[in-house]
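Top to bottom, those sequences are chains A and B.
The numbering used here puts the first residue of the first sequence at 34, with every later residue one more than the last.
The numbering used here puts the first residue of the second sequence at 381, with every later residue one more than the last.
Be aware that one or more of the hints could be misleading.
[As the list claims (entries may be wrong)] Part of the chain B face toward chain A, derived, beta carbon under 10 Å: (1) R470; (2) D559; (3) S630; (4) E631; (5) A660; (6) A679.
Calculated from the structure, these hints are not laboratory results.
All residues carry an ideal CB built from backbone N, CA and C; glycine is no exception.
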Amino acid sequence: MGRRPLLAAMTRPTEIACYPDGPLIVRGPVRLVDATGARIPTRRATIALCRCGRSRITPFCDGTHRTTGFVTGEGGGR
Amino acid sequence: MTLSAARGIPPPRLPAPAGALTDALFEALRQPPHTLFDLPVPDDGDDLAGDDMHLALAACCELAYRGFAGVDGEWEWEPSLVELRLALERRFETAVRAALPTVPDATEGRVPERLETLIAADDSPSVARHLAQRGTENELRELLIHRSADRLKEADPHVRVIPRLPTRAKAAMVEVLADEYGGGRPEYLHSELYRQALEALGLDGSYGAYLDRLPGVTLATVNLMSMFGAHARWRGAIVGHLAMTEMTSSEANRRYGRAVRRLGYTSREATHYFDEHVEADAIHDVVAAHDLAGGLAQADPDQADTVVFGARALILVERAFANHLLGAWAAGRSSLR
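Just chain A, same shape as in the assembly:
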């Protein structure tokens, strides 16, 4: 592989995907911080961020939206 594709792979932007009636799925390197700027540890390549506000492990999704009738609407609520 030449230098250009490798560089392109390294600089590919992180993706945040809206899933219907569910969380935001984040693929790619991110630095998560809380309101004080302290690091929130993540070890996964892919994470799910709560969008319904009811998760018990915020900012991550814990599937609670399934039991609370959370609806995002068209296009996964973009």
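With chain A fixed as given, assemble chain B onto it according to the hints.
Chain B in isolation, oriented as in the chain A frame:
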């Protein structure tokens, strides 16, 4: 933390037989590979959950995972053994199809919506809710023993489908499986976390240790995955099975985590498996429903009904499993064999 890799993982011993078929089969497996003939049919007359039937099928399938101590590895592809496995799978498939409601349900819409319809319509009793609210320590231990049947090989039955999937579904499957296998870190392998949970509760965490304590109704849940995962024609079914598992798993594991803590097991080893699944399966839920199952059906519309069949079959065997455990416990009996 001790990884089982550091200790080596011996294959399990052959379990005690559960009837005429496993009696004859296990006797044969102890000898060098040879042509099996005149094996008896399973003697329990219940292809959906019979002990003899499902222990025989589980043993045939296990030859493609870790095998058994003292059983020659060449048995895996001995034609008469393969023939037996296929015959047992056909019996199981026929029983599953016969037990599914004849009225087609969840036929409308795209695959993710059809899976949601199945979840909304599922009125099976919940072992997780029972354990979270009022289960005893002994019941929790029994549940962990039952689930060791597949949790100690978590994701292994699903791996073989990867080369059979179209692009988007393949990427989604690998994304989910990579997480199941710890994202490159052996200490986060889900099967490894499960072993730690078993041992934290004073149980045997070694692979296959409880095989002869598991009733057919439990082995059927694993045989379903092994069967769907082994055949290319069942690619939709193993995808539907995984999607339905992931879509219902976060809530169940939150309850198991609550049960473990309520009964006084608060160490990281005891709780990590369940906490991990609350977070991980909330990710896998949407990826499996939309990118994996939805992606497969979009690229290959003929697979849509097979995806839904896999999910319905899972709900069917899980309902029988839950009824068995809760029924035995309500009657004051053990749910193990």
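request  = State the violated hints by number, sorted upward, taking the hints as numbered earlier in the document.
outcome  = 1 and 6
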